[in-house]
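Participant: Just need the whole structure built from these sequences, with the hints factored in.
Chains U and P, in that order, give the protein sequences.
Residue numbers are given in the numbering used here: position 53 of the first sequence equals residue 53, and the series is strictly consecutive.
Residue numbers are given in the numbering used here: position 34 of the second sequence equals residue 34, and the series is strictly consecutive.
Treat the hints as calculated values from the structure; they're not laboratory data.
C-beta atoms are modelled at their ideal positions from N, C-alpha and C, and glycine is treated no differently.
Just to be clear, a hint being listed does not mean it is correct.
[Said to hold, decoys possible] With beta-carbon atoms standing in for the labels, derived distance ranges:
hint, chain 1, residue 1, chain 2, residue 2, range
1, P, P134, U, G146, 28 to 36 angstroms
2, P, E155, U, D169, 43 to 51 angstroms
3, P, D11, U, Q57, 29 to 37 angstroms
Now for the letters of each chain:
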Amino acid sequence: MNDDQDSPSTGQSTLPAASEITAAPAAFGKYRAPTRAAFGLTSPVETSSVHLTINGQPREFHLAPWTTLLDALRLYAGLMGTKKGCDHGQCGACTVLVNGTRINSCLTLAVMQQGQQITTIEGLGTATSLSALQQAFIDHDAFQCGYCTPGQICSAQGLLYEGKAHTEDEIREQMSGNLCRCGAYVNILAAVKEVVDAQTA
Amino acid sequence: MHPFSYSSVNDAAAAVREQATHSHSTFIAGGTNLLDLMKENVARPAHLIGLNQLPLAFVEDTPEGGLRLGALATNANTAYHPEVEKRYPLLSQAILSGATAQLRNMATNGGNLMQRTRCYYFYDLTTPCNKREPGSGCSALGGFNRIHAILGASEQCIATHPSDMCVALTALDALVCVQGPQGERVLPFADFHRLPGSTPHQDNNLKPGELITALELPKQGFAQHYHYLKIRDRASYAFALVSIAAVLELDGDTITEARVALGGVAHKPWRERAAEELLIGQPTTEATFTKAASYLLRGARGYGHNDFKIELAKRGIVRALQQAAAEPRGPRALPWA
Ligand SMILES: Cc1cc2nc3c(=O)[nH]c(=O)nc-3n(C[C@H](O)[C@H](O)[C@H](O)COP(=O)(O)OP(=O)(O)OC[C@H]3O[C@@H](n4cnc5c(N)ncnc54)[C@H](O)[C@@H]3O)c2cc1C
Ligand code: SF4
Ligand code: FES
Ligand code: FES
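Facilitator: Written out as structure tokens, the structure is:
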């Protein structure tokens with residue numbers, strides 16, 4: 001992917017207001033949007049207006065069609081919680097909820113999500129008011145490096161909404177789309193099971 | 001990804017029209033296969049036609065007592081639909097054995113039929129591949145071919161179709177409803193996908209510009225005796241090395257009707273009526289099942305790394321039929337059961 005350069009790290013530079021954001025967020029951190037010349041284009045990249053409600057906030061972006069929802073969230077909305085692991089639907093690090101349904105944000109285009117309600121890890125809880133799953137992940141030490149954790153928690157939140165998994169085996173199967181390079185699976189399972197049990201008790 | 005333009009359409013006729021007005025345009029539904037291939041530059045469409053606003057996400061009864069599955073219904077909503085769980089549990093089981101919860105929430109029924117092979121060389125632009133680039137050669141033939149076909153392959157291509165859902169649809173005699181510039185038509189599922197022959201770049205018999213609108217399931221759902229057995233390298237989140245969709249109708253211990261479809265072994269889900277005929281009127285014994293299994297694999301050929309699949313498929317067929325013949329399972333057996 002040409003538009004797939006290094007993502008900016010958290011905490012860098014202030015974010016431009018959504019209305020100021022156009023196709024090329026060139027001033028944004030380390031990220032340099034691909035130039036038109038890189039594509040051999042002579043006309044400007046055509047962007048379209050994409051409306052997304054992210055964590056309850058209506059936002060408008062002007063995006064090139066090839067911007068994935070994942071890149072829109074990280075690079076244009078400035079929400080770095082959602083992670084890019086594989087960018088091919090294989091790891092689950094990019095899991096977010098669309099209208100309450102968990103999906104891989106790397107395998108959908110932002111333009112395909114026009115008008116939808118997106119929930120990222122930032123929308124599930126805050127540092128002072130953690131969600132039940134976030135608290136359970138801490139209580140059960142369900143991570144090491146933490147890179148997979150936002151995806152794990154968003155996925156588990158989707159699992160709770162779906163209501164199809166109750167036993168440990170069912171949770172294992174229904175969480176199999178989220179890989180953990182650190183192998184924290186045992187504790188992830190324990191954390192998810194605790195919240196599943198609490199919600200069905 | 002190569003740059004492309006994008007438009008969204010609201011009805012099937014508009015989708016077909018859009019396709020005709022843009023050169024090198026492609027439909028996009030869930031995006032889970034197409035975007036993956038675009039990121040690898042295997043697919044380089046100049047224009048994408050977004051289908052997710054089409055009113056084709058339904059699951060509804062047919063007047064004949066069957067069920068119509070909209071092309072834009074997601075794999076998850078299809079598998080968990082109460083009527084599918086109750087009347088076509090084989091289909092639920094097959095869908096839920098594939099991919100992951102997130103992917104099934106995105107993947108659509110139409111896209112599932114159209115997904116392309118997972119042959120590693122097809123994905124690797126630096127190697128010859130007749131499917132990707134007709135006439136360039138087949139790297140899998142003399143290469144690493146552990147996941148490749150053992151039935152119906154050609155000297156031009158030994159790829160397999162990776163879908164689980166399609167194996168169940170084959171066993172259930174589904175119909176594929178399509179709409180195109182020349183109007184609407186209906187294809188029996190067995191005629192939808194193709195064998196590679198000398199045209200491996202063509203996965204199926206959809207004509208240029210045609211849109212899948214729905215899948216139709218006939219009334220008979222085999223909800224009593226069914227089993228989808230998926231054999232893979234790990235317990236979840238892996239494509240099938242071999243999979244078997246087996247359904248039976250029984251009169252006591254005697255088989256009155258049988259269907260067996262195989263996945264992971266050919267360029268399309270593999271099914272032969274003659275093998276099923278061998279089961280009719282027979283008792284549900286291992287000997288009966290072994291006979292049908294041997295018949296189905298009689299023409300099988302390995303290419304080195306995938307030789308093991310021949311014996312694996314035979315044993316899998318026997319196991320799947322035994323499971324199907326066992327006690328009625330009721331709706332929605334867990335995918336790994
Ligand atoms: C990591 C991973 C693991 C997977 N594991 C499995 C598995 O174990 N088993 C399994 O069966 N599948 C598996 N899949 C594949 C998945 O099921 C398919 O990618 C999915 O079904 C494709 O549907 P989609 O709607 O996303 O299609 P898209 O990606 O949107 O489209 C795929 C193709 O279909 C065409 N198309 C889509 N809709 C229509 C229509 N209505 N009419 C005509 N053409 C259409 C598009 O033009 C495109 O060429 C896996 C995928 C991934 C990424
Ligand atoms: S098996 Fe088919 S898809 Fe794979 S390299 Fe050969 S021609 Fe290409
Ligand atoms: S980054 Fe989306 S699944 Fe890995
Ligand atoms: S905690 Fe490190 S990848 Fe899961």
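Participant: Each of the hints needs a verdict: does it hold here or not?
Facilitator: A quick look at each hint next to the structure:
no., hint, verdict
1, P134(P) <-> G146(U): 28 to 36 angstroms, "violated, 47 angstroms"
2, E155(P) <-> D169(U): 43 to 51 angstroms, "holds, 44 angstroms"
3, D11(P) <-> Q57(U): 29 to 37 angstroms, "holds, 32 angstroms"
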